[in-house]
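So the protein sequences, as listed, match chains A and B.
FYI, our numbering numbers position 50 of the first sequence as 51, with every residue one higher than the one before it.
FYI, our numbering numbers position 263 of the second sequence as 264, with every residue one higher than the one before it.
Among the hints, erroneous ones may be present.
A pair holds if it fits inside one copy or across any two, identical chains being indistinguishable in the list.
As a list, the in silico DSS-like pairs of lysine-lysine whose alpha-carbon atoms are at most 27 angstroms apart [unchecked claim]:
#	residue 1	residue 2
1	Lys211	Lys251
2	Lys110	Lys211
3	Lys110	Lys229
4	Lys104	Lys211
5	Lys21	Lys4
Calculated directly from the structure, the hints in this document are not laboratory data.
2 protein chains.
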Amino acid sequence: MKKHNFGAGPCILPEEVFQKAAEAIIDYNNSGLSILEVSHRSEAFVEIIEEARDLALELLNLKDKGYQVLFLHGGASFQFVMIPYNLLETKAGYLHTGRWAGKAMKEAKKIGNIIEVGASTNKNFNYIPLIETSLENLDYLHLTSNNTVVGTQMKTFPITKTPLVVDMSSDIYSRILDYSQFDLIYAGAQKNVGTAGTTLVIVKEELLGKVSRSIPLIMDYQVLINNKSMYNTPPVFSIYTSLLNLKWLKKQGGIPAMQRMNSEKAKLLYNEIDSNPLFESTVPLKEHRSMMNATFILKDSALASKFAKLSLDSGIHGITGHRSVGGYRASMYNALPLSSVKALVDIMKELERIG
Amino acid sequence: MKKHNFGAGPCILPEEVFQKAAEAIIDYNNSGLSILEVSHRSEAFVEIIEEARDLALELLNLKDKGYQVLFLHGGASFQFVMIPYNLLETKAGYLHTGRWAGKAMKEAKKIGNIIEVGASTNKNFNYIPLIETSLENLDYLHLTSNNTVVGTQMKTFPITKTPLVVDMSSDIYSRILDYSQFDLIYAGAQKNVGTAGTTLVIVKEELLGKVSRSIPLIMDYQVLINNKSMYNTPPVFSIYTSLLNLKWLKKQGGIPAMQRMNSEKAKLLYNEIDSNPLFESTVPLKEHRSMMNATFILKDSALASKFAKLSLDSGIHGITGHRSVGGYRASMYNALPLSSVKALVDIMKELERIG
Numbered sequence: 002m003k004k005h006n007f008g009a010g011p012c013i014l015p016e017e018v019f020q021k022a023a024e025a026i027i028d029y030n031n032s033g034l035s036i037l038e039v040s041h042r043s044e045a046f047v048e049i050i051e052e053a054r055d056l057a058l059e060l061l062n063l064k065d066k067g068y069q070v071l072f073l074h075g076g077a078s079f080q081f082v083m084i085p086y087n088l089l090e091t092k093a094g095y096l097h098t099g100r101w102a103g104k105a106m107k108e109a110k111k112i113g114n115i116i117e118v119g120a121s122t123n124k125n126f127n128y129i130p131l132i133e134t135s136l137e138n139l140d141y142l143h144l145t146s147n148n149t150v151v152g153t154q155m156k157t158f159p160i161t162k163t164p165l166v167v168d169m170s171s172d173i174y175s176r177i178l179d180y181s182q183f184d185l186i187y188a189g190a191q192k193n194v195g196t197a198g199t200t201l202v203i204v205k206e207e208l209l210g211k212v213s214r215s216i217p218l219i220m221d222y223q224v225l226i227n228n229k230s231m232y233n234t235p236p237v238f239s240i241y242t243s244l245l246n247l248k249w250l251k252k253q254g255g256i257p258a259m260q261r262m263n264s265e266k267a268k269l270l271y272n273e274i275d276s277n278p279l280f281e282s283t284v285p286l287k288e289h290r291s292m293m294n295a296t297f298i299l300k301d302s303a304l305a306s307k308f309a310k311l312s313l314d315s316g317i318h319g320i321t322g323h324r325s326v327g328g329y330r331a332s333m334y335n336a337l338p339l340s341s342v343k344a345l346v347d348i349m350k351e352l353e354r355i356g
Numbered sequence: 002m003k004k005h006n007f008g009a010g011p012c013i014l015p016e017e018v019f020q021k022a023a024e025a026i027i028d029y030n031n032s033g034l035s036i037l038e039v040s041h042r043s044e045a046f047v048e049i050i051e052e053a054r055d056l057a058l059e060l061l062n063l064k065d066k067g068y069q070v071l072f073l074h075g076g077a078s079f080q081f082v083m084i085p086y087n088l089l090e091t092k093a094g095y096l097h098t099g100r101w102a103g104k105a106m107k108e109a110k111k112i113g114n115i116i117e118v119g120a121s122t123n124k125n126f127n128y129i130p131l132i133e134t135s136l137e138n139l140d141y142l143h144l145t146s147n148n149t150v151v152g153t154q155m156k157t158f159p160i161t162k163t164p165l166v167v168d169m170s171s172d173i174y175s176r177i178l179d180y181s182q183f184d185l186i187y188a189g190a191q192k193n194v195g196t197a198g199t200t201l202v203i204v205k206e207e208l209l210g211k212v213s214r215s216i217p218l219i220m221d222y223q224v225l226i227n228n229k230s231m232y233n234t235p236p237v238f239s240i241y242t243s244l245l246n247l248k249w250l251k252k253q254g255g256i257p258a259m260q261r262m263n264s265e266k267a268k269l270l271y272n273e274i275d276s277n278p279l280f281e282s283t284v285p286l287k288e289h290r291s292m293m294n295a296t297f298i299l300k301d302s303a304l305a306s307k308f309a310k311l312s313l314d315s316g317i318h319g320i321t322g323h324r325s326v327g328g329y330r331a332s333m334y335n336a337l338p339l340s341s342v343k344a345l346v347d348i349m350k351e352l353e354r355i356g
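Could you put the whole structure together from the sequences, leaning on the hints where they help?
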C-alpha cells in the first residue's frame, strides 16, 4: 500500500516523478543508456541542466532579472559556508529563527564577523522574531523563510537596501511571493525541488566579486557560474529528478496552483489541531505558522500509542517530530495530496471519538 | 539496443544495479515508499549506509585497521579542498601526474604551503614521473593513482613514513593492492563505486585533529565521522546505488575477480592498439598504461569518420578523448563486460581491413 508520506525530507515527490525517474534508469529517452551512465558533458545532460535552470527561474518569475542559477553539490549546509565565503567582507546580519538558522550562523562565525539581528531563542523558536538591530552597513541579511523543525514561516520580509539571502529549503515553489526581493535564494533539493544530493542556488550576479578573501575554486559562485554548474561532475540524477519535478509543477499551474493546494491542506489540518481538544499546536501565533510543516502535540501523552496504531493502520508515515523537539510534525510539501491530509485529519477525529 | 558504454564517467554500472535502483524508486523493499522519499534518519536508510560503509572497507581488506568510512557530498573535487583543510599544517607534497592532480594542487595552494615532488608536465603527462624531492617533513603526500584523462596509472607507490593521500576516483576496487599502505583514500563515486553525487572517503582516524586551522564544520572529517556521514542530509540515492554496486562486486568475487577481468580486457585492447598499424597508444611506456582508461589515436585522421561510423553501427559509445587532449579513450571500468571490448577490437580490425 502506498503510504501517506508526511516526512520532513527527503520527502514525497509526485508519483509521475518516481515513474519517469525509474524509466530513465533503465533507458534514458531510448538512448540505450541509463541516466546513471550518461556523461555530464553529453548533449543529453546539457539539455537537462539547461532546461532545469530555465524552469527554476521561470517558475519564480525571475527570468531576465540578473539572476544566475546553479545546481550544486552538497546540500543547503554547504551554502552556510559558501555564502560567507563569497559575500561576507565586513559584517553580515543573521535572523536566528531556528535550528538551521543557528547552524548557518555557526559556520559564518568561523569565517567572518556576523551579528544576530533578532532571535526567538527565548521561546524555543516558536515564533518569528522582530528585527531589533539596524540593517545598515551589512554585506547581507540572512533569513530562513521556513523553519522545518519548529513549524514557523516568515510571511513578510524586511524592506531594506541590504541584500537579502534566504534559505528557502523547505518552502521554495510553495507560495506566491515577489521572489525578486531576494538577492540570493538557496534550497536543498530534497523537499520541493527534487531529491537529496543537489542544492539550488539562485543569485544576482551583481552581488559577486566584492570580497577580498581567496575562495576555494569549487566554492566560488563566479567560477561555478562560468562553468555552468559543471566545474566538476554534477550530481546528474538529482538534477534530472529536479527537472522532472519542476516540469510537473509547471503542468499543475505553477506556484499559484501550489499555493491554492497548500493553503487548503494547511487550513484543513490546522483547523483540526485547533478544534480537536486532544491536540495543540506548538506555534501559538497563527500568523507565524508554517504552511509546509505543522507541528503539534498530543496533550495527553498516554494517547500516543493509540494514535500511533491509528497512523500505522491508515498508512500515515513520517509524522514524528524532529528528534530535537519531539511531538508531531506533518510536512505538507507540494507533492503531498489533499487526500493524505484528509486521512490524517480522519484519524485525529477518530482518536477524539475513541478517546 | 543497449550500448557498449566506454564513457569515462559517469560510466557504465552493472545491469543489476540499474534494475534494482529502478525498482527501489517505485517501491523500496515493499515499504510503500520510494527510495527517493525515504528519510535519511529512517531505519531503512541507516541500514543502507551502514552496510555500504562495511562493504567499502571489507572489499579493500581494511576492516579493523583504524579506518573510518565516509560517504560525502560533493565529488572528488571537494576533497581537493577538504584534504588540505583537515591535514595541511606545515607543508604537503603533490605528485603532478595530470589534470586532476593539477586541480588538487591549485586548491591546496590557496590554503597552505605545498611542494611539487615530481611532475610529468614536460610530456603532457604521458608517463608517471619519478619523485625528485625528499618526502621528509611533509604532512602528507598526495597522489593520483590513475589519470583518467591521459590514461596513465601508478603501479607502485612510495614506501615512506609520510602519510599517503590518494585520489583513486578512477581505479578503486579495480585491482589487488595493499590498500593499507594508504592513509586516506578518496574516490568520486561515478566510476567504480556508484553514481555521481557522492564521494567515498576512507581515512585513518589517527591522521585527524593535528591542524590548528578552524575548519568549516561541514568540511571537518572528524565532525562528519562523529555524525556518521549525516551531519546534513546525505545524497541518499547515490549512496544506495553505491551499496548495490558494492554488493554486486562482492558477488562477482571482489577485487581479485575484478583484477582478472580488467587485466583481460586491458590486454585485449592494448594488444590491438599496439599491433594494428592504424592506431597508436598515447602512453608509450607500457608499464605506465592504465588498466582503466586506454588512450590512443588514429595515425591517419582521415580515417576518423569511417571509424566513427563503425562505432555508431556497433553501438560503441563514449570513446572520444577528453576535450583537453582529443584522440580516443576507452574506459574499461569494472562493470564494462569483456564483450564490449571485443566489440571495440572488432571494429578496429574492421577498419584495418577496409582501410
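Hints versus structure:
Taking CA atoms no more than 27 angstroms apart as the test, Lys211 paired with Lys251 passes in neither setting, with 35 angstroms inside one copy and 51 angstroms between copies. Proximity of Lys110 and Lys211 under a CA criterion of 27 angstroms is satisfied in both settings, with 19 angstroms inside one chain copy and 22 angstroms between copies. With identical chains, the CA atoms of Lys110 and Lys229 are at most 27 angstroms apart between copies only, with a shortest distance of 24 angstroms across copies and 29 angstroms within one. For a Cα distance limit of 27 angstroms, the shortest separation of Lys104 from Lys211 qualifies both inside one copy, at 24 angstroms, and across copies, at 24 angstroms.
Taking identical chains as interchangeable, the C-alpha atoms of Lys21 and Lys4 lie at most 27 angstroms apart whether they share a chain (19 angstroms) or sit on different chains (21 angstroms).
Checked against the numbered hints given earlier, this structure breaks only hint 1.
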